[in-house]
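Enquirer: Please take these sequences and the hints and turn them into a complete structure.
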Amino acid sequence: MTHTPSLRTRFAPSPSGHLHVGGARTALFNWAFARGRGGKFILRIEDTDQKRSSDAASVGFLKDLKWLGIDWNEGPEFEGCGGGDFGSYFQSERLDMYNKFLEQLVQQGKAYYAFDTTAELDVERKESKSRNEAYRYDRSRADAISPEQVQAWLKEGKSAVIRFKTPAGAIAIHDEILGDATLPAGEVDDFVIRKADGFPTYHFAVVVDDELMGVTTVLRAQEHFNNTAKHVVLQDALGFRRPTYGHLPLIFNPDGSKMSKRDKDKLLRKTAQDKKLTAPPANTVDATRFSAWLGDKNSQLDFAEATAMATALNIELPEINVDDFRRSGYLPQVMCNFLALNGWGPGNDLEKFDNAFLCANFALDRVQKTAAKFDRVKLLAFNLDAIQKLPREAFSGLVKAHGEIYHPEFMKKITAAQFDLLVAASHERSKTLDELFRGNRWLALGDEELTWEKSKQVEKALLAGTPSGLDRLKELRGVLEAVATWTPAGIEESIRQWATTAGLAEQIGQIAQPLRVGVTGSTVSPPIFDTLAILGKSSSLRRIDRCLQDFATAKT
RNA sequence: GGCCUCAUCGUCUAGCCUGGCUUAGGACACCACCCUUUCAAGGUGGCUACAGGGGUUCAAAUCCCCUUGGGGUCACCA
1 MTHTPSLRTR
11 FAPSPSGHLH
21 VGGARTALFN
31 WAFARGRGGK
41 FILRIEDTDQ
51 KRSSDAASVG
61 FLKDLKWLGI
71 DWNEGPEFEG
81 CGGGDFGSYF
91 QSERLDMYNK
101 FLEQLVQQGK
111 AYYAFDTTAE
121 LDVERKESKS
131 RNEAYRYDRS
141 RADAISPEQV
151 QAWLKEGKSA
161 VIRFKTPAGA
171 IAIHDEILGD
181 ATLPAGEVDD
191 FVIRKADGFP
201 TYHFAVVVDD
211 ELMGVTTVLR
221 AQEHFNNTAK
231 HVVLQDALGF
241 RRPTYGHLPL
251 IFNPDGSKMS
261 KRDKDKLLRK
271 TAQDKKLTAP
281 PANTVDATRF
291 SAWLGDKNSQ
301 LDFAEATAMA
311 TALNIELPEI
321 NVDDFRRSGY
331 LPQVMCNFLA
341 LNGWGPGNDL
351 EKFDNAFLCA
361 NFALDRVQKT
371 AAKFDRVKLL
381 AFNLDAIQKL
391 PREAFSGLVK
401 AHGEIYHPEF
411 MKKITAAQFD
421 LLVAASHERS
431 KTLDELFRGN
441 RWLALGDEEL
451 TWEKSKQVEK
461 ALLAGTPSGL
471 DRLKELRGVL
481 EAVATWTPAG
491 IEESIRQWAT
501 TAGLAEQIGQ
511 IAQPLRVGVT
521 GSTVSPPIFD
531 TLAILGKSSS
541 LRRIDRCLQD
551 FATAKT
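Counting along the first sequence from 1, when you hit position 291 you're at 291 in our numbering, and nothing is skipped either side.
Careful, some of the hints might be misleading.
Said to hold, decoys possible - Calculated cross-link-like contacts (lysine-lysine; reagent style DSSO-like; alpha-carbon spacing at most 30 angstroms):
{"no.": "1", "residue 1": "K297", "residue 2": "K275"}
{"no.": "2", "residue 1": "K297", "residue 2": "K129"}
{"no.": "3", "residue 1": "K261", "residue 2": "K378"}
{"no.": "4", "residue 1": "K400", "residue 2": "K389"}
{"no.": "5", "residue 1": "K454", "residue 2": "K276"}
{"no.": "6", "residue 1": "K400", "residue 2": "K66"}
{"no.": "7", "residue 1": "K389", "residue 2": "K66"}
{"no.": "8", "residue 1": "K195", "residue 2": "K51"}
{"no.": "9", "residue 1": "K373", "residue 2": "K352"}
{"no.": "10", "residue 1": "K155", "residue 2": "K165"}
{"no.": "11", "residue 1": "K66", "residue 2": "K261"}
{"no.": "12", "residue 1": "K400", "residue 2": "K413"}
{"no.": "13", "residue 1": "K261", "residue 2": "K373"}
What the hints assert, rightly or not - Distance windows between CB atoms, simulated:
{"no.": "14", "residue 1": "T244", "residue 2": "R392", "range": "42 to 52 angstroms"}
{"no.": "15", "residue 1": "K412", "residue 2": "S92", "range": "41 to 51 angstroms"}
{"no.": "16", "residue 1": "D385", "residue 2": "C359", "range": "19 to 29 angstroms"}
By construction, these hints were calculated from the structure, which means they are not laboratory data.
Glycine included, C-beta positions come from ideal geometry on N, C-alpha and C.
Expert: Dropping the structure here:
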């Protein structure tokens, strides 16, 4: 057995779905803990559940981790990360190793074959439940089967699992975050260590891998706390070393529910039900799929379906996965910072820090014991702050990269000069990178495609008062046409000059709003002189013309 | 329900280990006002918490016990 003296941590996700924020924080803490102490951070893919594993998902994980700035010394090879002497780092490729130890336990009489069917066990579980008792596997039934019978059944290929013969006695767990705990005797039953399909269960694979990979410190979510007892007894039976454990508090939704991948479907389903939909909205999914999904609380739409559904129902889906936050335009360093802050803090009222600081200062004694509710509003505030502190060049580069991935058609529609103006006008006010695109759709629209919202605000800006907004617009058109230098400052100068002569110097709003609505179709946009400058002179004039025309005919 | 575990503003948290420096600090949110060309952003000010009850002590948010409340877990999922 290879002994590695230095500190080694690991992150061991199962490749189902995307990396969500809870997993990301676990990875971040393990990474920072190792990095800050000259240790190694290992990434291992726990793909022993054949039903749930998919290659695509594990690549998604790798991409997400990279984006966050979390790199791994050992693990799957991806963009310069990974490799290592303790592979494979996919559990599905380590069956020989597990089997070796499995056999050892059976031979030593520390584990045994069991032939119960799922149906039989389900009945027992239900009975336990009805008696309000915790379910424990009854070893006596397995004991009643003679060794000869076991061999005979195995020979004829009867479906069997291997269960661990959990020793009697209380089990002590030491945890660097929660302290010591003792599970009373009988709390851990003879759990399955090899499934009927020949794959080890999570418990067994974890214990073997952590030993073989020389993992010294295990930081994982608190939901694993009870599992640790199983791992400890297995380690003892196999003569393995025991890593140091630290169980991290969970991350919850603001309403206190567990943050889950299913939250998106939950919201969609609820909205569909509230709206009493019986058929799928247009351009989403077909009717069969829709009714099946609506009726089954556990079914999930894929990303494209969910997005289409959200658009059709006019709701925003909550960000759950790291990729969702990336898509929404959060900066990776902000994600790391905020994730770390949910469950850990450096003290001294310090709450903004980078990953280097985290590595240097992360320690288990400051990890919170209680679950944190994930506050997206505070995250938004952090993101805004980070964006504002970015040099203009850096911000511009990030927006460009974001736009090219998530809004390619928008990027194609505008010129480099327009882009620069838009960035300049948006830098101080953007909470996310995506906001800049979502808030300025008017810009990506062709002059002839623009339509005007039929809303109270629009009507007020254009039709109310004497003279009305439309009347102002007619006058302003001439003013704009005469502007010599079409820049924010140049436009402002001309308009202010005209405003002064028209006695409107103090009421710029009466000018700005009709203009804004005229050229964007809505009442919200960047400051008006920026808006006009970005749009360009000919587009601005054309849109004003169309607006005047549109509302002239609308009125009659 | 059994077992394990946790408990400071609405939220994330500082203080707790090593009781007095705390009329409990910061941040986000919220409220008010200011600025203002919409939405934001920005500025100023304000509101808000030691779950409850017993101990120990000259002194408790800090130590102990109970209650209450929360969470985790009880799979051939990880």
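Enquirer: Which numbered hints are broken by the structure, listed smallest first?
Expert: none
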